[in-house]
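Asks: Once you have looked at the hints, place chain V on chain B.
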Amino acid sequence: MRKPRPLLSLAFWIFSSLVTLFPIYWMFVVSAKNRVQLFGKPNFLITSFFTENYTRTLQDPAFQRYMINSIVIATSNALLCTVLALLATYALSRYKLAGKENVFFWTITNRMAPPAVFLLPLFLLYTQVFVVGDWRMFDTRIGLILLYCVFNLPFAIWTLRSVIDGIPRELDEAATVDGANTWQVLTKVILPLARPGLAVTGILTWVFAWNEYLFAATLTSVHARTITTGLAEFVTVTGTNWGQMAATAMLTLVPALVVLGIAQRHIVAGLTFGAVKE
Amino acid sequence: MRSSAVGWLFLAPTLIILFIFGVVPFLYVLVIGFTQWNTFAADPTMQFNGVENFRRLVFDTPFLHSLWLTLRFAFFVVASEIMLGYLLAQLFMRDFPGKGFFRTIHTLPLVIAPIAVGATWRLLTVPGLGPLPYYFRTWFGYDLNIGRYVDQAFMMTVVMDVWHWTPLVTLTLLAALSSLPKEPFEQAQIDGANRFQIFWYVTLPMLKPAILATVFIRMMDALRTVDEVWMLTGGGPGSATRYIGLYIWRVVFPKTDYGYGSAMSLITLYLTIVMCWLLYAALVARRDLKRVEA
Numbered sequence: 133m134r135k136p137r138p139l140l141s142l143a144f145w146i147f148s149s150l151v152t153l154f155p156i157y158w159m160f161v162v163s164a165k166n167r168v169q170l171f172g173k174p175n176f177l178i179t180s181f182f183t184e185n186y187t188r189t190l191q192d193p194a195f196q197r198y199m200i201n202s203i204v205i206a207t208s209n210a211l212l213c214t215v216l217a218l219l220a221t222y223a224l225s226r227y228k229l230a231g232k233e234n235v236f237f238w239t240i241t242n243r244m245a246p247p248a249v250f251l252l253p254l255f256l257l258y259t260q261v262f263v264v265g266d267w268r269m270f271d272t273r274i275g276l277i278l279l280y281c282v283f284n285l286p287f288a289i290w291t292l293r294s295v296i297d298g299i300p301r302e303l304d305e306a307a308t309v310d311g312a313n314t315w316q317v318l319t320k321v322i323l324p325l326a327r328p329g330l331a332v333t334g335i336l337t338w339v340f341a342w343n344e345y346l347f348a349a350t351l352t353s354v355h356a357r358t359i360t361t362g363l364a365e366f367v368t369v370t371g372t373n374w375g376q377m378a379a380t381a382m383l384t385l386v387p388a389l390v391v392l393g394i395a396q397r398h399i400v401a402g403l404t405f406g407a408v409k410e
Numbered sequence: 003m004r005s006s007a008v009g010w011l012f013l014a015p016t017l018i019i020l021f022i023f024g025v026v027p028f029l030y031v032l033v034i035g036f037t038q039w040n041t042f043a044a045d046p047t048m049q050f051n052g053v054e055n056f057r058r059l060v061f062d063t064p065f066l067h068s069l070w071l072t073l074r075f076a077f078f079v080v081a082s083e084i085m086l087g088y089l090l091a092q093l094f095m096r097d098f099p100g101k102g103f104f105r106t107i108h109t110l111p112l113v114i115a116p117i118a119v120g121a122t123w124r125l126l127t128v129p130g131l132g133p134l135p136y137y138f139r140t141w142f143g144y145d146l147n148i149g150r151y152v153d154q155a156f157m158m159t160v161v162m163d164v165w166h167w168t169p170l171v172t173l174t175l176l177a178a179l180s181s182l183p184k185e186p187f188e189q190a191q192i193d194g195a196n197r198f199q200i201f202w203y204v205t206l207p208m209l210k211p212a213i214l215a216t217v218f219i220r221m222m223d224a225l226r227t228v229d230e231v232w233m234l235t236g237g238g239p240g241s242a243t244r245y246i247g248l249y250i251w252r253v254v255f256p257k258t259d260y261g262y263g264s265a266m267s268l269i270t271l272y273l274t275i276v277m278c279w280l281l282y283a284a285l286v287a288r289r290d291l292k293r294v295e296a
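The listed protein sequences derive, respectively, from chains B and V. So for the first sequence, the numbering used here puts the first residue at 133; every next one is plus one. So for the second sequence, the numbering used here puts the first residue at 3; every next one is plus one.
Same shape as in the complex, but just chain B (with noise of 0.2 Å):
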């Protein structure tokens, strides 16, 4: 094999570290300027930091709400889709159902029209008949977090299934023999193998939740309105509020971001998980 050089391959990184790192450092540069520091010949550094994009952003209830919404929308929907897509794709590994393969490939159609396409229908679904007398599916976060389902359990149970797939039968054909019944199969051998695929799965389902815009922003009006909607808010027909919107924006990596750090090691072990042949 070839020498390594520590060196040469510690630049490259460096290097496309920086580019991938840019226009969101870019951001950040704005965020922290008021309008007068913004126009003219770009200035990278921060002489000084200049908070008042951030405070104002923080300080709006609205914001607040919105925060605490797209948090709540995301947690709940990436467990149920990770649930379900559990239980899904256990179905579809081991058990001998007509049609299945057709089953499979179904569920990733739902994810494939253009948002567009559900966004007349669904509108007039929550507004008109979803209704169950004072209360309407419009502008509520469980209204939300089901239609996120949508294209998120597709993906949970394509991720899932090679995961699944991957764990030898014989161990639950083993676990049977022992007298342990489904559920006990399912939770205690199936569930500890999966884990780092259960992981991956739960933390991309929620990222891809946490980041939706165009339903959110159709399908909620005051209550249910999420951080995406709000940072859009910023780009009005007067002009746009450069600063406040880079601000909004780096406030909605801050959770991405904590998540992605916290699950480094499980992403790592999820994609090792292939390496684990029988």
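By construction, these hints were calculated from the structure, which means they are not laboratory data. Misleading hints may appear alongside valid ones.
Distance ranges between label pairs, derived from CB positions [as the list claims (entries may be wrong)]:
1) 146(B) to 257(V): 48 to 54 Å
2) 180(V) to 308(B): 29 to 35 Å
3) 61(V) to 231(B): 38 to 44 Å
4) 129(V) to 142(B): 50 to 56 Å
5) 11(V) to 353(B): 36 to 42 Å
To be clear about the criterion: a stretch of chain B counts as covered by chain V if any three or more of its residues have a C-beta under 8 Å from a C-beta of chain V, and this derived list gives those stretches [unchecked claim]:
6) 179-190
7) 195-204
8) 217-227
9) 239-248
10) 252-259
11) 381-393
Facing chain B, according to a computed beta carbon distance under 7 Å, are these residues of chain V, among others [said to hold, decoys possible]:
12) 15
13) 18
14) 184
Every residue, glycine too, gets a C-beta built ideally from N, C-alpha and C.
Replies: Chain V in isolation, oriented as in the chain B frame:
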């Protein structure tokens, strides 16, 4: 041995949710697609008009243009992302100092909301504020203005998408690469194969299912991109980046032409499914082949 009733029970919640929030709206679109329904028209009620909407589609030049743009966009982003992602995945297979740290940095764009990605790239490219137009002008004398030049706007949406989604390709291909058995590589080396031959005859065939699956996922998402492009260019200049999702949105919401918008959605959905089905068929054929060999 295993009753299929239990299997269906496990699948039930998934199928119910996908039915209510996926199939029901779809059926709704299917009905509306065959009607004339525009709340701003002279007659705002829903009226059945057969295949009129679909006939209109075939002669709708802006629609066909959007479709072509979307396909071109999907082709460019998927091709670039697969090549770049594979390269990075291969490089991540080696050991070097700070590997975990660099991998985290290279995963970062993936977790950013498309709307925030659009905002970020807008901040980079707005004339007068963004550093990209400034340095392109002072260093190369090149006028970068995605609000004015059609090709630049298209290229910038591609660059943005590549920046955003290459990490996903890197991660999936890295997972696939690290799950490959070692023996074939050692065998090929013993047999005296050079690096290109190893890549072409050993790595590539074994990675093919993973690459196809990644192309499949990325193509599907590229065909439906809306938010980040909307934030970056708003579909402009003119209609240069008005990809199909943006076009449908314009017809359905500001113009409230529900019937025509629904017909357009149906055709788009149909084309997407056909393209993905072809890819999936390739995947399944491969899997069956493996089963036969085993």
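Asks: Hints first: check each against the structure and report whether it holds.
Replies: Consistency of the hints with the structure:
1. Our hint of 48 to 54 Å for residue 146(B) and residue 257(V) holds, since their Cβ atoms are close to 50 Å apart.
2. At about 31 Å, the beta-carbon gap between residue 180(V) and residue 308(B) stays in the expected band of 29 to 35 Å.
3. The beta-carbon spacing between residue 61(V) and residue 231(B), approximately 39 Å, falls within the hinted interval of 38 to 44 Å.
4. For residue 129(V) and residue 142(B), the Cβ-Cβ distance of about 36 Å falls outside the hinted range of 50 to 56 Å, so the restraint is violated.
5. Checking the proposed 36 to 42 Å range against residue 11(V) and residue 353(B) shows it holds: the Cβ atoms sit about 38 Å from each other.
6. Coverage of the region 179-190 of chain B by chain V is violated [criterion: at least 3 residues with CB-CB distance below 8 Å; count 0].
7. Coverage of a stretch by a chain is defined here by at least three residues with a beta carbon nearer than 8 Å to that chain's beta carbons; for the region 195-204 of chain B and chain V the count is 0, and the condition is violated.
8. As drawn, the region 217-227 of chain B meets chain V at 8 residues by the rule of a beta-carbon pair under 8 Å; at three or more, the given contact holds.
9. Chain V is given as covering the region 239-248 of chain B, and this holds because 10 residues of the stretch bring a CB closer than 8 Å to a CB of that chain, at least three being needed.
10. Residues of the region 252-259 of chain B with a Cβ under 8 Å from some Cβ of chain V number 5, which satisfies the need for three, so the listed coverage holds.
11. For a cut-off of 8 Å, the count of residues in the region 381-393 of chain B with a CB near a CB of chain V stands at 8, and the three-residue condition holds.
12. For residue 15(V), the interface hint holds, since its Cβ comes within 7 Å of a Cβ in chain B; the closest pair sits about 5 Å apart.
13. Taken as an interface hint, residue 18(V) does not check out: its beta carbon lies about 10 Å from the nearest beta carbon of chain B, beyond 7 Å.
14. Residue-level restraint check for residue 184(V) is violated (minimum Cβ-Cβ distance to chain B is 10 Å; threshold 7 Å).
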